[in-house]
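Peer 1: Letter by letter, the chains look like this.
Protein chains: 4
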Amino acid sequence: MTQPTTSIQKIGVLTSGGDSPGMNSAIRAVVRACAYYNIKCVGIRQGYEGLIHNQMSELGARSVKHIINKGGTFLQTARSEEFRTPEGRQKAFDHFKKNELDALIVIGGDGSFTGANVFHKEFNVPFIGIPGTIDNDIFGTDFTIGYDTALNTCIEAIDKIRDSATSHNRVFFVEVMGRDAGFIALSSGIASGATNILIPEEKDSLEELFESLQKSEQAGKNSSIIVVAEGEELGNVYDLAKATEKRFPEYDVRVTVLGHIQRGGNPTCMDRVLASRLGVAAVEGLLENKTNVMAGSRANKIVYTPIEEAIKKHNEIDKELIKVAKILAI
Amino acid sequence: MTQPTTSIQKIGVLTSGGDSPGMNSAIRAVVRACAYYNIKCVGIRQGYEGLIHNQMSELGARSVKHIINKGGTFLQTARSEEFRTPEGRQKAFDHFKKNELDALIVIGGDGSFTGANVFHKEFNVPFIGIPGTIDNDIFGTDFTIGYDTALNTCIEAIDKIRDSATSHNRVFFVEVMGRDAGFIALSSGIASGATNILIPEEKDSLEELFESLQKSEQAGKNSSIIVVAEGEELGNVYDLAKATEKRFPEYDVRVTVLGHIQRGGNPTCMDRVLASRLGVAAVEGLLENKTNVMAGSRANKIVYTPIEEAIKKHNEIDKELIKVAKILAI
Amino acid sequence: MTQPTTSIQKIGVLTSGGDSPGMNSAIRAVVRACAYYNIKCVGIRQGYEGLIHNQMSELGARSVKHIINKGGTFLQTARSEEFRTPEGRQKAFDHFKKNELDALIVIGGDGSFTGANVFHKEFNVPFIGIPGTIDNDIFGTDFTIGYDTALNTCIEAIDKIRDSATSHNRVFFVEVMGRDAGFIALSSGIASGATNILIPEEKDSLEELFESLQKSEQAGKNSSIIVVAEGEELGNVYDLAKATEKRFPEYDVRVTVLGHIQRGGNPTCMDRVLASRLGVAAVEGLLENKTNVMAGSRANKIVYTPIEEAIKKHNEIDKELIKVAKILAI
Amino acid sequence: MTQPTTSIQKIGVLTSGGDSPGMNSAIRAVVRACAYYNIKCVGIRQGYEGLIHNQMSELGARSVKHIINKGGTFLQTARSEEFRTPEGRQKAFDHFKKNELDALIVIGGDGSFTGANVFHKEFNVPFIGIPGTIDNDIFGTDFTIGYDTALNTCIEAIDKIRDSATSHNRVFFVEVMGRDAGFIALSSGIASGATNILIPEEKDSLEELFESLQKSEQAGKNSSIIVVAEGEELGNVYDLAKATEKRFPEYDVRVTVLGHIQRGGNPTCMDRVLASRLGVAAVEGLLENKTNVMAGSRANKIVYTPIEEAIKKHNEIDKELIKVAKILAI
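If you're matching them up, the sequences are chains Z, L, B and D in order.
First residue of the first sequence? That's 1 in UniProt numbering, and the numbers climb one at a time after it.
First residue of the second sequence? That's 1 in UniProt numbering, and the numbers climb one at a time after it.
First residue of the third sequence? That's 1 in UniProt numbering, and the numbers climb one at a time after it.
First residue of the fourth sequence? That's 1 in UniProt numbering, and the numbers climb one at a time after it.
Honestly, I wouldn't trust all of these hints.
A pair holds if it fits inside one copy or across any two, identical chains being indistinguishable in the list.
Listed next, the in silico DMTMM-like pairs over lysine to aspartate or glutamate satisfying Cα-Cα at most 20 angstroms (straight line) [unchecked claim]:
hint, residue 1, residue 2
1, Lys246, Glu100
2, Lys65, Glu217
3, Lys290, Glu320
4, Lys319, Glu122
5, Lys215, Asp318
6, Lys203, Glu82
Hints are computed from structural coordinates only; laboratory data are not their basis.
Quick caveat: nothing in here was measured; it's all calculated off a predicted structure.
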């Protein structure tokens with residue numbers, strides 16, 4: 001790439017929405033890429049709240065040292081109610097101008113992108129989004145930042161639960177995160193040898209589940225792990241456990257909700273590399289006068305997707321994975 | 001130690017009650033110590049159930065290879081209702097004799113020891129107990145097998161939760177295991193920098209908790225972790241969270257129940273070494289004609305405590321730790 | 001996919017060459033897919049050695065339980081000198097026939113595939129390869145099984161080294177594996193915030209390295225991590241450290257060779273899922289009468305690459321990653 | 001404890017010598033205990049160097065937030081040559097007075113304590129030492145801060161090596177740290193199921209080692225891990241590996257030097273709790289006018305040992321552990 005020519009001299013970066021592991025790596029990459037291209041970089045605290053309330057400060061290359069491997073986001077994140085109002089966005093724009101910012105980089109999920117899109121339309125603020133969420137539910141990238149770490153947190157937890165399950169001949173219902181999407185459940189379920197994986201994208205029925213548990217028993221399995229996406233429509237883990245206990249009173253049924261451990265932790269190598277790449281790509285994109293797009297990675301190549309496409313479209317659950325899950329649970 | 005002289009030629013080993021990390025290391029040590037002293041060793045499956053239903057098989061030194069680092073118990077464990085009946089124990093004794101066993105080694109907690117004690121009184125079966133439980137609630141040993149691993153599982157989980165808590169300015173209630181005892185909560189709470197630690201051994205009040213949260217806020221803390229023992233009498237984490245939300249509607253309060261991940265996982269070095277030492281000590285104790293005792297470690301020395309003392313007495317919560325927790329939460 | 005029709009009734013599976021995390025997950029997937037499609041599956045021990053010396057046994061669906069998360073390969077692996085001789089391969093074929101095998105699945109790297117290719121040509125034995133190596137140096141797949149785990153092992157180790165480096169103002173040379181390829185070094189270097197990454201694919205010079213170290217110092221870095229691929233042509237870590245000490249006597253220079261820890265460990269989620277997918281794909285490929293190909297994953301889709309192409313061609317180092325590494329080391 | 005009365009109003013804290021995990025936890029405890037007792041606390045950078053060169057700043061309770069779980073030492077550490085000279089110590093004392101410090105807390109090993117002792121004698125500076133080293137070679141405490149973490153780093157690494165060793169029928173020599181002491185080698189060797197453990201405290205011979213390897217082979221072991229302390233007098237791992245290869249040309253012998261990964265990493269629960277306790281105890285000790293002592297923990301109780309005793313005496317290797325190692329390697 002040749003040195004880009006552009007009018008952009010100062011970029012603001014913020015993290016918004018739910019936090020995810022690798023956000024710090026992405027901020028670091030944005031800051032360092034700005035330094036590399038001789039652009040000023042300003043860190044905005046607590047997402048759009050920091051823009052509204054003018055909480056921001058310049059970040060030099062050294063200010064982001066030793067954070068590539070830290071979970072969470074040192075800029076903090078928030079869901080800003082005020083930014084949903086025209087008044088809030090006006091205040092945000094006032095501070096955007098006052099601080100002489102030329103563009104924004106927004107690290108977050110579709111809610112955060114929606115906000116940026118509105119802000120862009122109202123005030124013509126150039127911005128690029130970076131997909132940072134554990135849920136992997138953003139179109140325009142094969143993986144979101146934090147997804148791989150969350151998957152590994154899940155399987156390490158389920159490995160531990162399995163130790164206990166097999167020591168006791170137990171049936172475990174394990175709820176994993178993912179909002180309306182089953183990506184985390186499907187991949188972590190396959191990777192942890194779950195006998196069943198319940199995700200919102202598939203029609204599940206209690207009878208199928210019960211049949212499968214019986215089949216497992218007949219096949220000689222002495223314990224079962226059922227991984228359930230939080231968005232599963234058949235019921236939550238507690239309801240499913242109760243129904244199972246009622247149907248099979250002889251089973252020793254337990255429930256674990258993995259919860260917020262899935263949002264934290266040191267990012268994996270894949271998440272750090274992805275975050276590093278997308279952070280650089282976002283800065284370079286702005287310098288090439290791209291705007292209102294999301295920087296993503298598809299088939300290991302950087303792609304920029306129009307933000308409205310990223311918000312509206314959805315990655316589909318991979319049918320191959322559903323087949324693999326079924327085969328391996330035999 | 002000189003080669004012991006004894007009439008014991010064949011020892012049965014079982015794991016009973018809740019599983020804990022390091023049980024496999026303890027079984028391995030029992031099996032290898034038997035091999036070392038030219039004693040036969042028989043593995044009994046699923047605790048007392050395996051004795052009642054004659055599920056056991058001889059274990060040679062090689063049969064326990066590569067298990068020192070595996071969580072759970074490959075002999076499986078169970079809580080046997082049948083063993084609580086005289087008929088059950090009679091069946092157990094019949095199989096004990098039929099398999100020409102001379103003594104038992106019981107790895108478990110106080111419930112398991114109580115069963116062994118009754119069995120001993122009725123049938124004069126020599127046995128030694130090994131404390132295997134994550135709860136650390138057994139008298140006669142400074143640490144139980146699995147406790148250190150559970151502590152590390154807790155703090156790794158809470159470290160992850162902290163990433164998310166500090167990214168969002170949140171108050172987190174985290175429930176850890178420990179039955180009626182606060183050992184896990186107290187140590188993991190100190191180690192994870194909890195602002196409050198609620199344990200059954202201490203009288204806690206909602207007002208103190210609220211005051212402390214307010215003080216934390218005034219001291220400039222932007223997030224709080226409150227570690228709660230499952231046996232806490234003030235209420236469970238959900239109740240406490242609700243009360244806190246009611247009192248401080250502006251707080252973003254969340255709950256995580258760590259659950260069964262605390263029972264599994266590869267044992268830590270300390271648990272593997274402790275389990276190895278106690279497994280050897282149990283075999284040596286039987287060969288020295290000790291019986292109806294528990295092998296434990298106090299001040300890094302092996303001690304044998306009469307089983308009734310181990311059951312009835314309780315380790316006290318260390319007042320120094322409570323003080324340290326309070327000082328560090330400033 | 002419709003139920004495939006084929007003459008294949010019995011498949012042998014082996015792991016060959018260097019071991020890598022996820023090989024067990026791949027074996028499990030092969031065994032379970034065979035069970036699912038009503039095909040017999042035979043596990044061959046120690047790679048081609050087991051074929052030559054007739055060490056194999058049938059594997060049912062339950063025989064591979066609880067191994068998806070275990071490092072190494074329970075079938076063991078070996079580099080067979082005998083299989084490189086016509087006599088050795090004749091013996092191997094004799095046992096192949098004697099055991100009524102119809103096809104082979106070979107999990108390993110290019111050396112193992114070369115052997116299979118010769119065997120195929122001599123005896124017309126149908127086979128499919130699965131890329132199992134930490135080095136990621138196999139054409140026809142974006143990732144090899146074990147690569148992601150090795151990367152994470154590397155960055156966790158380098159994170160620890162960084163703790164010490166920053167506490168002491170030190171320059172660390174860290175050697176990572178990868179044979180002739182720099183994939184592990186490049187990705188783990190980016191992910192661990194290395195100031196320099198030396199890989200065989202790039203021309204490096206001592207002067208550039210020294211300049212870069214000086215620039216780092218001037219930029220205010222108080223410690224540096226230099227990640228070096230084992231195949232780096234400029235010299236090994238010890239030579240590089242010596243040259244650096246000579247040039248900058250005031251530096252506190254240290255060396256760590258990560259070594260064999262990179263080959264072991266519980267596979268990551270990505271490696272487990274990849275191994276699961278490729279194991280199923282290999283069985284399905286054979287049932288669809290594919291042979292002499294490698295099952296791989298490109299852009300998250302299963303692809304079958306002619307084995308000779310997989311052996312001869314090479315994945316290229318991603319120029320984008322080299323650029324990202326350079327930018328972030330500013 | 002009643003609120004202590006003392007003339008001490010301002011305490012300086014530093015970390016010195018080799019870094020160890022948990023040093024940050026100890027600094028945090030010192031800082032917070034000072035805040036709790038209304039004493040000022042000053043952090044001195046890079047050990048005695050910071051005293052000599054006046055690099056120090058006041059630390060409030062919030063300044064040490066979120067470091068309890070971070071490896072290394074944020075104050076940095078160093079081995080100061082200048083502090084070994086009277087001139088250096090004079091400069092140090094000048095800055096000690098200029099900054100109105102009343103006492104020092106020195107976190108480090110015996111070299112650091114020796115320096116503090118000389119400083120105390122020359123200038124009558126009150127100080128308390130806290131044992132921070134992975135080597136566990138300090139008298140007056142059952143465990144040093146960092147030892148437990150280093151042990152767990154070792155066994156996690158050796159677990160990974162074992163995956164590879166058992167997949168290949170290999171003999172692995174693994175060098176662990178510990179300077180002249182075998183504590184790390186002995187405990188990590190037992191915990192990782194080593195067939196042999198070579199430590200400086202025991203007379204070892206090549207012939208015994210070879211006999212043992214042969215015995216292992218005859219006993220049916222298909223791989224061996226030999227853990228070697230870095231201070232082992234029989235030779236370093238490379239020499240031992242060469243001698244073994246010469247004696248048993250048929251063995252596949254490998255070497256891994258774990259190296260500096262042992263000094264880093266997030267501290268374990270035990271190290272965090274120990275560091276927290278000793279940090280508080282050091283502050284309280286000074287407030288009670290104790291000086292020239294080390295705060296340690298024996299049998300889980302805080303004890304203060306005269307610093308000269310801590311330096312001169314040595315913890316002995318536990319004979320019970322040596323016996324256990326031998327029995328379990330059968």
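Peer 1: Using 20 angstroms as the alpha-carbon threshold, which applies to Lys246 and Glu100: within, between, both, or neither?
Peer 2: This pair counts as neither: shortest intra-copy Cα distance 64 angstroms, inter-copy 42 angstroms.
Peer 1: Can you tell me if Lys290 and Glu320 fall within 20 angstroms by alpha carbon in one copy, between copies, both or neither?
Peer 2: For Lys290 and Glu320, only the inter-copy Cα distance (19 angstroms) is at most 20 angstroms; the intra-copy one is 35 angstroms.
Peer 1: When no copy is specified for Lys319 and Glu122, does a C-alpha distance of 20 angstroms or less occur within a copy, between copies, both, or neither?
Peer 2: neither (40 angstroms within a copy, 38 angstroms between copies)
Peer 1: State whether the alpha carbon distance between Lys203 and Glu82 is at most 20 angstroms within one copy, between copies, both, or neither.
Peer 2: Intra 38 angstroms, inter 42 angstroms, cutoff 20 angstroms: neither.
Peer 1: Since the copies are identical, ignore which copy is meant and state whether Lys215 and Asp318 lie within 20 angstroms (CA to CA) inside a copy, between copies, both or neither.
Peer 2: This pair counts as neither: shortest intra-copy Cα distance 25 angstroms, inter-copy 47 angstroms.
Peer 1: From the Cα coordinates, with 20 angstroms as the cut-off, is the pair Lys65 and Glu217 best called within, between, both, or neither?
Peer 2: between (53 angstroms within a copy, 14 angstroms between copies)
In summary, the structure is inconsistent with hints 1, 4, 5, 6 from the numbered list given earlier, while agreeing with the others.
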